[in-house]
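Fit chains B, C and D to the given chain A structure using the hints.
Listed below are the residues making up each chain.
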Amino acid sequence: MIDLAPILAKFPPVKHDAAANALIVPQALALEVAKWLRDDPAYRMDYASNVAGVDTLPVEKKTKVKQPDGTDKEIVTKKPGSMEVVYHLYSMALKHGPITIKQVTTRENPVVTSLTPIYRGAEFQEREAFDLYGIQFEGHPDLRRILMWDEFKDFPMRKDYVEPDDYEYEPTPHDAVLAKAKAHYPKASTSTEAAS
Amino acid sequence: MTLLPTNTSFAADEGLRSELQKAGVFVVSLEWVYNWGRKSSIWPLGFGIACCAIEMICTAAARFDLSRFGAEVFRPSPRQADLMIVAGTVTKKMAPQVIRLYNQMPEPKYVIAMGACAISGGPFKQGYNVLKGVDRFIPVDVHIPGCPPRPEALLHALMTLQRKIENQRTLGSDARRTNPAYRGENRECPIPEFGEHDLVPPYNPEVWKPHTIVREA
Amino acid sequence: MLGIGILKGMVVTAKNFFGSFVNKRLLPTIQYPEAGNSVTLFSRNIPFLVYDNDEDPLGTMRCVACKICEKECPPQCIYIVMEKDANGKPAKRPKVFDIDISVCMGCQICVEVCPFESIKMDSTFELSTPDRFEGLLLKREHLLKSNTYFHKIHPDEAQEVDDRLAAKQKKPAPTPSTPAA
Amino acid sequence: MSTETIAPREYQIYSGDDLRTNVLEISMGPQHPSTHGVFRMDVSLDGETVVKLKPVFGYLHRNHEKIAETTSYLGSMPYTDRLDYFCSMTNNWAYALAVEKMAGLAVPERAEYIRVIMAELTRLQNHASLVGFLTNDLGASGTPLLYAIREREHILDLFEWASGARMMCNYMRFGGVRNDLPSGWLAQCKKVVDDFPAFMDEFETLLTGNEIILSRCQNVGVLPRDLAINASITGPCLRASGVDYDLRKVDKYGIYDRFDFKVPLGSVGDCYDRFMIRLLEMRESVKILKQALATIPEGPVNDSKARNFRPKPAEAYGRIEGPKGELGFYLVSDGTPKPHRYHVRPPSFINLTVLEDMCLGQKIADAVIVLGSIDIVLGEVDR
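Residue numbers (this note's numbering), protein chains in the order written: chain A, 927 to 1122; chain B, 211 to 427; chain C, 45 to 225; chain D, 2 to 384.
Next comes chain A alone, as it looks inside the complex (with noise of 0.2 Å):
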C-alpha cells in the first residue's frame, strides 16, 4: 500500500475517501496532481492504468424509527446520485501502485478535467466514458463517441437508460425482459404470466 500522506499535504483540497483508498480530487486541480504524480521521483506513477466512469443514482431510503410514544415516524434519508471517473495508476518505473484518482461530478451536468494531455493511455478509454456515460473531459484532443455511432444520442451506460422496445420474439421471457415483451404478446398469453 502506497503512502498517501505526501499528496495531501502537498495538495490540502485533495480529500482522501478511506473506504476506496481512494484520492478525490477537484477538477481544478487534476492535471496538476496527476503531473506531479507522474513525475514525482518518490512516486512516478507513469502508468495509468483504468479509467472508468461510475454512475450512482440517486437514493431515497425510508426507515421507520420508532417514536418513544409507540408510533411509527418514518426518517427519509436522501443520498444525491453522482458521476465518478476513477483512474487507476501505477509505476512501471518503480513497479508500485495503484493509486486510485477520482474524480467527481454531478449527474446533470457532468464535467471532468482530461488527464489525456499527461497520460496519452487515457485517451481511448476516457472517449468510451464519454460515449457511454456523457461525461464532458475539458482538455481531451478528440472527444467523439467511440463505440456507438455519431447520431446516437442517448448514454447507454447510465443507470436510468431506457433501452429501445424491440422485444417481439421472446419465448422465453423474465423479469425485465417480461414486462417488455407483454406489450408485444397477444392477449390470449397474457394471462399465463400472471398465472406462472
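Calculated from the structure, these hints are not laboratory results. Take these hints with a grain of salt, some might be off.
[To be verified] In silico DSS-like pairs for lysine-lysine, Cα to Cα no more than 30 Å straight-line:
#1 LYS196/C x LYS133/C
#2 LYS192/D x LYS1085/A
#3 LYS339/D x LYS987/A
#4 LYS212/C x LYS196/C
#5 LYS288/D x LYS250/D
#6 LYS941/A x LYS192/D
#7 LYS52/C x LYS250/D
#8 LYS115/C x LYS988/A
#9 LYS183/C x LYS196/C
#10 LYS1079/A x LYS232/B
#11 LYS992/A x LYS1005/A
#12 LYS1028/A x LYS1005/A
#13 LYS102/D x LYS253/D
#14 LYS339/D x LYS988/A
#15 LYS250/D x LYS961/A
#16 LYS196/C x LYS111/C
#17 LYS961/A x LYS192/D
#18 LYS53/D x LYS1079/A
#19 LYS1106/A x LYS52/C
#20 LYS136/C x LYS214/C
#21 LYS253/D x LYS364/D
#22 LYS1021/A x LYS102/D
#23 LYS1085/A x LYS183/C
#24 LYS999/A x LYS987/A
#25 LYS941/A x LYS992/A
#26 LYS192/D x LYS68/C
#27 LYS1004/A x LYS313/D
#28 LYS128/C x LYS1106/A
#29 LYS339/D x LYS1005/A
#30 LYS288/D x LYS52/C
#31 LYS115/C x LYS1106/A
#32 LYS987/A x LYS961/A
#33 LYS212/C x LYS128/C
#34 LYS992/A x LYS936/A
#35 LYS364/D x LYS1079/A
#36 LYS115/C x LYS1085/A
Chains B, C and D alone, transformed into the frame defined by chain A:
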C-alpha cells in the same frame, strides 16, 4: 452422398432407371446435375465477426477440413461468394454493413446464421447495441445453435444447406415461383439508417415476421 | 543466401504433409460425418433433463420445477411453468419446460445450481435447422433424456451423480434445498 | 523522462512543386480480410504512404458491461469467456481475481496450480495463433496459420477435456476452479507440453530467419519506449519496446513467484521484436508449465463457501498478465447481489492508442502488419 435424384421433378420411371443403371447408363435430370454442381462448390464469404469466426477458421483448417465439402474457397469479396456465414454477434452498428454485403452477393445466395448471437442475439440479446438476430434484416437459410457451435456443427449446417440446394427448383416453369433466387432480379434488402436511439427501421417487415408463442393458461 | 528460407519452408511443409499420414500427433482429418467426430466424453453443448425410468419418462423425471435454473441462467433462456394437480396444488413437476437454444450459451451454470441433479449437459451438436422458431425452442419432450443416455455420453459424471444420489437417499428425509433468496 | 506528454506525431505531406498528389481517404474495414474481425481504420494516404489513421471501434460492442451490471457475479463469468475469445481461461482468472480481491476469498493450493497451467496453455495457443495470423497478413497465406491452428487444437482438446468446451471454458470460479482435472489429464498435458518445443523449432525454422519476414517486419512500426509507457501499452508490445514490466513478476498474483522464468525484452520495438517476443514467451511458458506440472499438489480445487458469497460495499481492481497485456477488472459493489459497476480494462483496446503513431509514414501494406503485430481481438476491443 446419394446419387439418386431427390427432386420431385424427375419423371423417369424408377424401374426403368434401375434397369438402365445395371447396364451402366445413368439417367439424371439436367437440374440434378446443375444442383449437384452448385451444392458441391459453395463458396463462402470470408467474413468473421466474433467468436464463431474462430471456430469457422478451425473448420476450414486441416483437422476438420471444409474442403471435403467443396466449400473451402473463402472469398474476400462478396461479389464472388455464394454463401454468407454470419459468424458472430451482429451489432446494430455492424448491421448496415452486413446487409450491404448481402446485397452485394450475386444470386443464388444463401445465409447461414452461425451461433446463438447471429440467430437471436444469443446471450447478448439484452444489450442495447445488439441486433436480436440477423434474420430481422436478411433471410436466413440455416441456423446453427451453440455458443460457439463445434466445427462439426458447421459441417452439419453445410450439409443441411446442401440438402436444401439439392431440392431446389432451378430449371423449369415453376422455378421462378418456388425459388426466390431464380426470379431474375437480385434480392436486395433495404439498409437501415442509424437513428437517435435505434436503427431505423428496427427490422425489415418483408423478412421478419415475429412468431407468437401462445402459452396456455 | 537468398532462397534458403523458401527451401527450409518447403522441407517443413513436406515433413508435415507426409508425416500426417503416419503421425497421430499431426492430427489427421476427422472424416465427419462418415467416420466419427471429435466430441469427447466431457463435451457439453446444450442442457437436457434427466429421467430415471425408461418406461415412464414423465413420471420419473428428476426436475421438480423449483425454477432455480430459470433464475440463475445468465442469458435467461429457460422458461418453466409448474404443473398443478386437480386441486390446484402444485405438483412438483414442470408442465412447461422450454429452453431456447437460439439463446443458450452452454455455460453449464444451470447444472451447477440444480440441487436435484436433474439438468445436465448434452453433447449433441447436430441441431442445425432452417426453422427459426419451432426448431430452436426445445420443449420438455425434446429435452427429456434417460439416465442411461447420460451414462452413455458422460460416463464419469453420471457415475458420480448416481453415487451422490444414492448417498442422499440413505440419509433420512433430505430437506429440499431452498432457492437462495 | 520528459515533463510534457508525448503528443501524436504529425505527418508532413510532401509539398514540393514538382509532383503533388491528392490525399486519398479510404476506410479499411469493418469487413476486411486482414483487420482481424470487424475493426475499421479510416486511413488517409499520400500515394501509398499513411498520413493519417484513425481507428473506428464499436462494430462488436456487445454491451458486456451493461449486461454484467444486471446479472449476478457468477452470471458474468461465462460472458468473460467471450471478451477475448482466444483466451477464455485468462479472462476467467482476471475476473475471479478481482472478485476474490473484493470479497476476500482464498483459493486452495491445487486450484492455484490449475489456474497457472490453464493460463500458460492459453498463452501458448494465443501466441501460436497470433504468429499464424501475422504471417497470414504478411502474405504467407495459410501454411503457418494451419500449423498454429493444429497445435492449438491439441490445447483446445485439453480445455475440452477439463471444462467441457473448446473455446468458452467458463472454468474458473470464485475461490478456485469449477471441477477437478479428470484422471489422465495431467499426463496428456505433460505430453502436449513436451511436444510443444518441437513445434516451436519447426515454426522458427519456417519463420524466424525468413527473408520476407525480416524485410517486412524489421524497422516497421517502431514504438519508442517512452511513448509505450505514456500510452499505457502493456503485454508483449510493451516488452518489445524494452520495458521490463510483466505482471507475473511485478504483482506475483497467484503463485507466479514460485516459478523460475525470464521476461524476454526487445530492443527496437518494431514488428519483428513483437513477433520474436511472442516466440520467446512461448518458450518461457513451456518452462513454467513443466515446473507447474511437476509440482502440482493434491487437494481440494474450490471453496464451497465461496459460491454464495455476499459482497460487502467495496471496490476492487484486479489485474493479470493476459496474453495480450494487462487485463483488469474494476468492480464496485453496493452490497446487492449484482455489481454496481463492472468495468473491463481491455489490453488490446488500449494498445491501439499508438496504432496511428506506429503507422505514420509507413506504407499502407505495413499498417496491416503493424495491426497484426499488436494482436487485437475485437471481442475485447469493443466488448
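Assess, step by step, whether the Cα of LYS339/D is no farther than 30 Å from the Cα of LYS1005/A, and give holds or violated. holds, 20 Å
If you draw a straight line from the CA of LYS115/C to the CA of LYS1106/A, is it 30 Å or shorter? holds, 18 Å
Pair hint outcome, LYS364/D versus LYS1079/A [Cα-Cα no greater than 30 Å]: violated, 37 Å
Run the distance test for LYS1106/A versus LYS52/C: straight-line Cα separation, threshold 30 Å. Not satisfied, since the Cα-Cα distance of roughly 63 Å exceeds 30 Å.
Is the Cα-Cα distance between LYS128/C and LYS1106/A 30 Å or less? holds, 27 Å
Proposed proximity, LYS232/B with LYS1079/A (alpha carbon, max 30 Å): violated, 72 Å
Proposed proximity, LYS196/C with LYS183/C (alpha carbon, max 30 Å): Given pair LYS183/C, LYS196/C holds - Cα atoms ~22 Å apart, limit 30 Å.
Taking 30 Å as the top limit, are the C-alpha atoms of LYS288/D and LYS250/D close enough? Given pair LYS288/D, LYS250/D holds - Cα atoms ~15 Å apart, limit 30 Å.
Quick one, are LYS999/A and LYS987/A close enough, alpha carbons at most 30 Å? holds, 13 Å
Between LYS339/D and LYS987/A, does the CA-CA distance stay at or below 30 Å? holds, 19 Å
Checking one constraint from the list: CA of LYS941/A to CA of LYS992/A, max 30 Å. Satisfied? violated, 36 Å
Would you mind confirming whether the straight-line C-alpha gap from LYS1085/A to LYS183/C stays at or under 30 Å? violated, 36 Å
In the structure shown, a violation is registered for the earlier hints numbered 1, 2, 6, 7, 10, 17, 19, 21, 23, 25, 32, 34, 35, in ascending order.
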